[in-house]
Amino acid sequence: MTPQDLVLTSRGVRFMNQYFPCSVGKGGITLDKQEGDGATPVGIHRIVGMLYRPDRILRPQPWARAITMNDLWSDDPNEQSYNHHVRAPYKYSHECLRRADPLYDLVLITNWNWPDAVPGKGSAIFIHQYRRKGFPTEGCVAFRRDHLRWISERIRPNARLIVHA
Numbered sequence: 001m002t003p004q005d006l007v008l009t010s011r012g013v014r015f016m017n018q019y020f021p022c023s024v025g026k027g028g029i030t031l032d033k034q035e036g037d038g039a040t041p042v043g044i045h046r047i048v049g050m051l052y053r054p055d056r057i058l059r060p061q062p063w064a065r066a067i068t069m070n071d072l073w074s075d076d077p078n079e080q081s082y083n084h085h086v087r088a089p090y091k092y093s094h095e096c097l098r099r100a101d102p103l104y105d106l107v108l109i110t111n112w113n114w115p116d117a118v119p120g121k122g123s124a125i126f127i128h129q130y131r132r133k134g135f136p137t138e139g140c141v142a143f144r145r146d147h148l149r150w151i152s153e154r155i156r157p158n159a160r161l162i163v164h165a
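Each residue of the sequence shown is one higher than the one before, counting from 1 in the numbering used here.
Think of the hints as simulated: they come from the structure by calculation, not from any bench. Take these hints with a grain of salt, some might be off.
[As the list claims (entries may be wrong)] In silico SDA-like links for lysine to any residue, alpha-carbon gap of 25 angstroms or less:
1) Lys91 <-> Thr2
2) Lys121 <-> Gln61
3) Lys26 <-> Gly36
4) Lys133 <-> Lys91
5) Lys91 <-> Leu103
Please model the complete structure; the sequences and the hints are all you need to start from.
See below:
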């Protein structure tokens, strides 16, 4: 492990020798991730992308990509684009990345079940803003807005999110 890794601990996530409170999936931490279980998967997950809402926040890093009106994430395990970034129009089950609430104003994308997605093993383990302290996610890892911003301004591509059982 390095200081650039995000390591989930009982105290929160350790990053650059600091601890940040976070929320994880409502299904807890799991060794057997399944689509829709609401759990955060155990493993070493590389950070493979960063998205942000340019109408709401400044670009946190040069490698961050703007979220547009047409940006979606496929969560249909029966579709070829399962667990991939897709664009509208898209007739299969998906999640809109440009949300009305602030949860996805800034998103770090992990390589969970990506790029070679196994149908049903779960999609989109993101790092994003939490709804409120202690409120669980659908499987993602979430932070307070200012903590997420601080982390995002310092993290590097291919850093890792490490989740232990």
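Original post:
Given the hinted pair Lys26 and Gly36, is their alpha-carbon gap at most 25 angstroms?
Top reply: With a Cα-Cα distance of about 11 angstroms, the restraint between Lys26 and Gly36 holds, given a limit of 25 angstroms.
Original post:
Within 25 angstroms, alpha carbon to alpha carbon, are Lys91 and Leu103?
Top reply: holds, 24 angstroms
Subject >> Restraint check for Lys133 with Lys91, where alpha carbons must lie at most 25 angstroms apart >> reply: violated, 34 angstroms
Original post:
Quick one, are Lys91 and Thr2 close enough, alpha carbons at most 25 angstroms?
Top reply: violated, 42 angstroms
Original post:
Does Gln61 lie within 25 angstroms of Lys121 when you go C-alpha to C-alpha?
Top reply: violated, 30 angstroms
Comparing the model with each numbered hint stated earlier shows that hints 1, 2 and 4 do not hold.
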